[in-house]
Structures are given as C-alpha cells and as structure tokens.
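Asker: From first to last, the protein sequence lines stand for chains A and B.
Position 251 (the first sequence) corresponds to 256 in our numbering; numbering is contiguous.
Position 311 (the second sequence) corresponds to 358 in our numbering; numbering is contiguous.
Treat the hints as calculated values from the structure; they're not laboratory data.
It cannot be assumed that every hint is accurate.
[Unchecked claim] Partner residues are not named here, just some residues of chain A that face chain B (Cβ under 7 Å, in silico):
| # | residue |
| --- | --- |
| 1 | P419 |
| 2 | Q422 |
| 3 | A437 |
Since the structure is predicted, the reported quantities are computational estimates derived from the model, not experimental observations.
Even glycine gets a Cβ: it sits at the ideal position worked out from N, Cα and C.
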Amino acid sequence: MRSWVRHGSIAAVLAVAGVVAVGCGGDDSESGEGAGGGSINVAIVDNPQMKDIADLTPELFTKSSGIKVNYTVLDEGTLRQVTTRDVAAGGQQFDVVMIGLYEAPQFGQNGSLVDLTPLATKDSSYQIDDIIPSVRKGLSVDDTLYASPFYAESSFLMYRKDLLKQAGVEMPEKPTWQEVADIARKVDSPDTAGICLRGKPGWGDLGAALTTVVNTFGATWWSANEDGSVGEAQIDQPEFKQALEFYTGLIADAGEEDAANASFNECLAQYRDGKVAMWYDATVAAGLLEADDSPVKGKNGYAPAPVVETDASGWLWAWALAIPATTPKQDLAWKYVSFATGPEYIKQAGAKIDGGWAAIPPGTRESTYEIPEYKKAAAAFADPTLEAMASAPIDNPGTTPRPGLPGVQFVGIPEFQDVGNQCTQQFSAVIAKRTSVDAALEACQQVASGVGGQ
Amino acid sequence: MTATESVAAPSVKRSRGLLPNRSSEAWRRRLPLLPALLFTILLTQVPFVMSIWYSLTDWKVVPPGPREFVGFENYANLVKDGFFRDAVWVSVQLTVAPVLGSLALGAAFAVLLDRKFFGQGVVRTLIITPFLLMPVVVGLIWKNQMFHGLYGVVNWVIEQLGFSSVEWVSRYPTFSIAVVLIWQWTPFMMLIMLAGLQSQPADVLEAAKVDGTSPWGTFRQLTIPHLRPYMELGILLGTIYLIQVYDQIAVMTGGGPGSTNVPYFVFQRSIGGGWEFGQASAYSIVVVIASIAIATVALRVLSNLLEGEDAA
Chain A
6 MRSWVRHGSI AAVLAVAGVV AVGCGGDDSE SGEGAGGGSI NVAIVDNPQM KDIADLTPEL
66 FTKSSGIKVN YTVLDEGTLR QVTTRDVAAG GQQFDVVMIG LYEAPQFGQN GSLVDLTPLA
126 TKDSSYQIDD IIPSVRKGLS VDDTLYASPF YAESSFLMYR KDLLKQAGVE MPEKPTWQEV
186 ADIARKVDSP DTAGICLRGK PGWGDLGAAL TTVVNTFGAT WWSANEDGSV GEAQIDQPEF
246 KQALEFYTGL IADAGEEDAA NASFNECLAQ YRDGKVAMWY DATVAAGLLE ADDSPVKGKN
306 GYAPAPVVET DASGWLWAWA LAIPATTPKQ DLAWKYVSFA TGPEYIKQAG AKIDGGWAAI
366 PPGTRESTYE IPEYKKAAAA FADPTLEAMA SAPIDNPGTT PRPGLPGVQF VGIPEFQDVG
426 NQCTQQFSAV IAKRTSVDAA LEACQQVASG VGGQ
Chain B
48 MTATESVAAP SVKRSRGLLP NRSSEAWRRR LPLLPALLFT ILLTQVPFVM SIWYSLTDWK
108 VVPPGPREFV GFENYANLVK DGFFRDAVWV SVQLTVAPVL GSLALGAAFA VLLDRKFFGQ
168 GVVRTLIITP FLLMPVVVGL IWKNQMFHGL YGVVNWVIEQ LGFSSVEWVS RYPTFSIAVV
228 LIWQWTPFMM LIMLAGLQSQ PADVLEAAKV DGTSPWGTFR QLTIPHLRPY MELGILLGTI
288 YLIQVYDQIA VMTGGGPGST NVPYFVFQRS IGGGWEFGQA SAYSIVVVIA SIAIATVALR
348 VLSNLLEGED AA
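Using the sequences and the hints given, assemble the complete structure.
Answerer: Given below as structure tokens:
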C-alpha cells in the first residue's frame, strides 16, 4: 500500500514536470524552425491593402527569394499591444513588425529598431529618395529612417458637389473651419446632416480629427520646454476650449446621427448612403467613395483640410514596416521590407489585386502618382491626396512649439496614447451631451497634468 | 520534487511515534493530491505574488525605464485617483443592476417554464440561447442591431410609436450595458431558479392544495422560502461573474464616463495604452482584496441561510 502511494505521487510529479518540459519544448521548436528554413515572422495590421500583400507574397516574393513569410494578421489595437510588448520589451517573436507613424520614431529613438538608412541606401531597387518627404520625415529621427512606409494618408474634406449646389453654396478652394461650419449649417436638413466628424473615443479616432482642429485653432496639448520635453498641460487654456466648443458645437448643430459612436467606418457608411453632405477624414476614403460600387461615385469634391490660424492642418499617418533590433535575421527581414514597400510591388500589385489600380497602397511614393493606370483609376482624388500628403505640417502643426517627436494629429510622446484615450472619452461624452465642455476639459487637464511633471 | 520528498520523510519518522497511524495515514492520503496542489499554487499564487511585487514598483513599459521600488506610492495614488473611484461606482452599478434584474426576470421565466405545455423543450432551449453566445457577439448584436441610432430595432419601434429616436449607447451607456447584461444573464438565473422549483417536494404542494391554500398563497408561503437559497446562490455566482465584465464594454462603448468599470480601467492603465504595469498591478490587487471581502461575506451569509433552512 505504502509503496503504491509513493509510486503514484512520484508518477504524478513526473507528469507535472513533463507538462512543463513539453511547454518549454514548444517554445524552442518555434524559434528553431525559423533559423533553419529561411523563413521570417511578420506581424501586420488587418486592412485590405495588407491582406492583398499577404496573398501575393508567395507568388511575388517567396518564389524568387526562397524566403518563406509567416504572417500574423492582427487588428490595430492588438497589433499595437503585441508590437509594443515585443519591440519595447525586447521580445523575439517577430522579424518584421508593422507599426504606425506614432510608434516608429519613438521605438527608433529607444534603440529597439534597426536603422534602415544604410540598408535602404545600398539597395538600388528600393529607391529611398522616391518616398514622399513628409512621410519619410515622420518615420525618421534626425534623418535616420526607422521604418519603411507601406501605406500613408493625410486628411482632407470631402463634400457632395450636388448637395452644395442645391443649397446654393460654394466650397472655397482653401476653406477655413468657419466657412465649412457655415456651409454645414446651411446644407443640414432632416434627411442629410451637414458634416460627418469623428466622435468615437480613442486617440486615433476622435483624437486624430480633433487634434488637427486644436492645432489650427492655435491650441496645444502641452507646452514644450526648451529641450523639447513636456511642459505644462494646456487643456485649460482658452484656445483649447474654443476648439472643443467649435468641434462639438458643429456636431450638435449639423453633425451626423450618433456622432459619439462614429469614426471612419461609420462616417463612410453614412456618406455613401447620402446621409451626410460633407466629411472630414482620411484621404484614403476617397478611393472608396470613387469605387465602382459606390452610390456617390463622381459626385464628390475634395478640399484641403480646413484651417484657422495655420496654413495647413491635414494629418499624417503611415503604416510602416520595421525590423526589431533583436531579430537574428536582419538580412532576410530587409529583403522582405524592400519587396513589400519598394516601388516595384505597387506596380505589380495594381494588375493583380481584386480592387484594381485604385486599391493599391497609396501615399508612400511619388512614383505611385506617375503610374498612368493609377492616374486614370484615381483621377478624382490622386492630386488632392498627393497635395495633402505634401503639405501635412509634420514639423510645426500648431502655432506654438510642441514637445516630443514630430506628429500632427498626435503629440510624439509615449504618454499621448494614454492621455488621448482618456481625454477623448471625456470629449466624446460632450458630443453625446452627457457632460459639459468645461467638465470634460477639467478632467482632461487633470489627466494631462500627470505627464512630464513626475 | 524536493517538496514531496520532504513531506514524505516526516511521515515515515512519525509512524514510530505515539500516534502512529492517524497523522501518517492522513498524510499518506493527501500525498497523491500534493502534486496537483503544487501545480495549482504555481499557476495561481506565484503570478499573484509577482503582481504584489509589481504593485510596489514604478514599472512602465512605455517609455522603458529602470524599474524601481516605490513602496506604497501606487496605492497612495489610487486613493487620489477620481477616475478609479468613478470606475468603482460604475462597477457597482453594472454588477448590482444586472444581477437583480436578471434574477427577477429569470425567476419569472422559471415559474412559467415550470409547468407542462406543448413545445416546452423548444422554448426552454430558445430561452437559454443568450447565455451561450460569446460576450463580444452579444455586444455587437445589441450595439448595431438593437440600439443603433439609424438602423436599430429599438429605435424603429420607438419611432413607430411616434417618439424620436434615442442614441442609447452614447447617451445612456450604463443603462444600455446593464440591459445587455440582463439579457445575457437571465437564462443563467432561470436555470438555477428552475432547478429550485423542480426540487420542491410534491407532497408538500399537494398538502397545501388539500388544505385549500390559494395558488398565490402557496407561492408566497411555500415556494419563495424554498427558493431563497437558490436566489442566494444565483446572486453569489452572478456577482462573481458580472464584477469582471469586460467584453461587452470594450465592444459597445470602448470605455468612457459611465461605462469604464474596474476591469476595463485596469486594462486601460496596463496594456490598453497606459503601459503603467506598476500602477495597474496596484489597482488589481485592491480589486482582489475587495472581491475576497465580498465573497467571504456573501459565502458566510449564504451558509448561514442554508443552515437556517436545514434547521427549519
């Protein structure tokens, strides 16, 4: 009896140890597999252009290079969590990660990413000087390129030419926000709202659109110290209040239905359904409004992002590929980055992807806008897009110096993501009429004051 | 390995002592359980102890910096944090209202389902369905098909009745989420109450009938006292689960005043953008302590009640 018990318990302990050993073995084999077979692990964001490249990689890349690419496709929020943990905390899960224009220079400055400048300069097929300068600047720190843009966008104003004509108003060539607000209030009717603006909480949703307005109203999130570090929070300043009152007031008077829940997709649906007359959002939307299946195709005009105190106010965003400094497969990783973000892929993809030429990844390279097929497919919006990209005020988006790395619709400091999320929840509550502008500003000032001072 | 050896050794020694069989026998019986216990401790308690340690540091992932011991600073910040207090209040609302609401509805459905009728099995299955759906799916369905300002069913009905549509999720986030939770948890409560109803001794009910008690009198004087422990159980289990609601909030509102509860708040402070693992650990430790306190009180109340039932 006694020995039976002993044996039983030892067996159980061994079984437990076995489970642990198997667990460890799993990890080993995962990393070991890559080293032998010429394959790399890539994390990308879940949007149509990335899915296209994932489909085309075996044919256009693996066939000629012999490098197998294992994609992990994640939604934006999860991708951000995974890459931040992997890159910032020095994990080794991925050889190439897709990151945004917000993270790229921050991670680069931390030393978490491989400097792409020498690799890109050596690689003649990559043509580094073809990258649109504002995008390149946004992904660099002191001229050191840390991520290679796959897709880039700015923001502008889209409007229904027919509805504005009906209402007897005309869109100025370079509108101010006051002019746009007047037009919105004029064309607003029970069936059609005047303008669609983002109201959904999130630093990349409401935060992006509102910050471009804040910038051009001469307000700012934080003042900058002389060395570029974060100074005092400026949410309690009159300019910020003016900008927020303008934005929320415009939505209240002439905004879309359920604005506190609306972001890009919601506005896109309402604009295509004819429920809004104007829409201020990402330039990439134009491709969808002018697509063959769009009910509003050919009815749209495009104007630069409206301004108040500044010359230009459009935002600048890019999804870009970066190589974590921890990867042992830098060469293979660069070959992939050069393929996926080089000028050749865009030319090859146009003829192969389902969406046709209008659906290629836009905004990264000047050569894209010289491809005759693309110019034809994107005739309505190619020029306004390129202009918006070129004029995005990446260096000096507001009227006062701001802290951190360059950025337009965000402040280039790591804490902005958090502060932006919390504050836009307050601002979204103002749009939903659940709280007042003053209460939201006070709460936001409190959140923003937690940064820098510590 | 070493742990089992050291535990096994004294049992051999003690068998020569005064009380030879009792303790060694007891230990021998426990022995096969020890590896499992060890495994459980490793999996649950080690991470917990590590979180306690993290909560005493200023660990931040972004921007990466040295991780320093700061003592109870995180806990002191927590007392000052008005947003945490708001989240606690939302958590209370989003636990109490759904638990009581779904219990009341669940009891009503259980009473209806307790009698025999044609198609009973089908109806029972249909009523259970909401509980089987994934929380994320439930959130999406309600947000887009029920509550939506333009395309929602609820607003369609309201408009048919001649009122103007309401932006439910944005205007009344706490209420909207509570409704969704009640919808999803009613079947759970119904199952528990149904089990209670069906365990009623038939002879007692029959005796009541013979004595000429009215149906309502039977329900009030016999059924409800009989159901009380089942209600307590429903409240306890419902509270334990509903206090950690996250999915519906993430999908429906993405947080904000009136919908950020404590779990969502901890998410935001940690991997949801705040990246302050030290501070977030402090929040979660406080939540664990509060949960243990609530659970202890609830369990004590429950066991007292159960004993009371037995005595009566």
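Asker: Evaluate each hint against the coordinates.
Answerer: These are the hints, each one checked on the structure:
Taken as an interface hint, A/P419 checks out: its beta carbon lies about 4 Å from the nearest beta carbon of chain B, inside 7 Å. Evaluation of the A/Q422 hint against chain B yields a held restraint, the C-beta minimum of about 4 Å falling below 7 Å. A cut of 7 Å between beta carbons decides the hint on A/A437: the least distance to chain B is about 4 Å, and the hint holds.
Every hint from the earlier list agrees with this structure, and none is contradicted.
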